[in-house]
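> Protein chains in written order, with my numbering: chain B, 1 to 152; chain W, 1 to 152; chain R, 1 to 80; chain D, 1 to 80.
Hints in this document: simulated from the structure, not taken from any laboratory.
Please note that a few of the clues may not be correct.
Derived, one-sided and incomplete: chain W residues facing chain D with beta-carbon distance under 8 Å [what the hints assert, rightly or not]:
1. A72
2. L74
3. L119
Capping the alpha-carbon separation at 16 Å, the derived lysine to aspartate or glutamate pairs in EDC-like fashion look like this [claimed, not checked]:
4. W/K124 / W/E89
5. W/K124 / D/E14
6. B/K124 / R/D5
7. W/K116 / W/E66
8. D/K22 / D/E36
Bear in mind that the values here come from a model prediction, so they are computed numbers and not experimental data.
Just so it is clear, CB atoms sit at the ideal spot from N, CA and C, and this is done for glycine as well.
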Amino acid sequence: MDTFRLSPQGIDPAALQRTLADLRAGACVTFEGWVRNRNEGQPVQSLEYEAYAVLAEAEGARILAEARARFALLGAAAVHRVGHLALGELAVWVGVTAEHRGDAFDACRYIIDEAKARLPIWKKEHYVDGATAWINCATRGDHGGAGAMPPA
Amino acid sequence: MDTFRLSPQGIDPAALQRTLADLRAGACVTFEGWVRNRNEGQPVQSLEYEAYAVLAEAEGARILAEARARFALLGAAAVHRVGHLALGELAVWVGVTAEHRGDAFDACRYIIDEAKARLPIWKKEHYVDGATAWINCATRGDHGGAGAMPPA
Amino acid sequence: MPTLDVHYFAILREQRGQSQEKLTTAAATPAALYEELRARHGFTLPGNRVRAAVNDAFVEAAAPLRDGDRIVFIPPVAGG
Amino acid sequence: MPTLDVHYFAILREQRGQSQEKLTTAAATPAALYEELRARHGFTLPGNRVRAAVNDAFVEAAAPLRDGDRIVFIPPVAGG
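Extracted from the complex, chain B is given alone in its bound form:
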């Protein structure tokens, strides 16, 4: 069945993909998010992910269930790393199978888009110059979304 997991250890994409094996499936689409060496022009040295685990896992399971309701899927799985990651490491893996490739592409993209927008997971970038930043938490501008708390 569909699974969403957080993982403090390195992700093994081949093992995850094997769990999706299904003789009815004609298409398997995977997304991998990798730690890259630069973000918005700044050289990055490493990343930290912190998760509110209970809610992230519940919300991740909801996202997979939504994907299954919207698209003709045969299987879906996703794993998100937590902890300190080096450049090039796999931060998030999403895989889906379907009879046809259109559903597989659309569902894979839906899952990663929703995961990035909704999972209570935070990313701290460590820069080559020693500085750090929690991504999206700068306080210039105002990007409150649905459910955000208006000024009291």
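Following the hints, position chains W, R and D against chain B.
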């Protein structure tokens, strides 16, 4: 650099994906086409792929170059099996990397859509009841495309 | 006044200097409690960029708070 | 009349019973040659569903044929 290959042997997706490793990449999207056990309601036992190799490889390279021109990619690779394949086997693998996931998804889909439409590769299905069929070569209906030869 | 179990993550955890505290408050909603805590601890994020979860479920900013609730303030997320 | 090196794949190869033949023809274009071969070998695919490649490049149905050309008839493809 970008590569398109035909392979008479089993495809190793992990090895292919390793060739795309790039510290600038934030996203890697892969598509796998698997031999499924049923097509349009008929139970399938195995598949044969036959390719016009020289032209398929040239056209495959063109498709990768088009994807690179249309999307902000860092890398792209694709391999298509030829020969006799069993159920569940990997028939085609496409992988792309990009800084951002939108380009990776769009390019991966572009490559597989164009590959299916343009590569001179043919698929013969072997059914459980012993019958066989070259896919898309039934002669009912009339689906001539660009470049097809009109009746003399 | 209700006693709440408050949890912090990420930038809020760092600015608070701890990940959890129990406190008794007159605040009746997550929005009111966040403003109280923001004034006390100097959180840089305005309330309109923070969400709340009560007992491990997302809630509206004006949801009621009850004695014993576990409340988590959720800075802007950045998974993936 | 030009002598051509004709190659067949997939359903055309099976219906022809071989993958290659040399032949001398009055046909001046791929379309005309396909109709000639279709009549001779009973190919089931109509010409409007077959494409042609000459010397390993796709060509139009009305392209000229020259002595020594290698021509391949391409049934509807089905990769992936």
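> Each hint: holds or not?
Hints versus structure:
Interface hint status for W/A72: violated, as the beta-carbon distance to the closest one in chain D is roughly 25 Å, over 8 Å. Because the beta carbon of W/L74 sits about 24 Å from the nearest beta carbon in chain D, more than 8 Å, this interface hint is broken. Below 8 Å, beta-carbon pairs count as interface contacts, and W/L119 has one with chain D at about 4 Å; its hint therefore holds. Straight-line distance between C-alpha atoms of W/K124 and W/E89 comes to about 15 Å, which keeps the hinted pair within the 16 Å bound.
A hinted pair counts as satisfied when its Cα atoms are at most 16 Å apart, and W/K124 with D/E14 qualifies at roughly 11 Å. This hinted pair does not check out: B/K124 and R/D5 have alpha carbons roughly 25 Å apart, beyond 16 Å. With a CA separation close to 15 Å, the supplied pair W/K116 and W/E66 stays within the 16 Å bound. With a C-alpha separation of about 14 Å, the suggested pair D/K22 and D/E36 falls inside the 16 Å cut-off, and the hint holds.
Hints 1, 2, 6, counting from the list given before, are not met by this structure.
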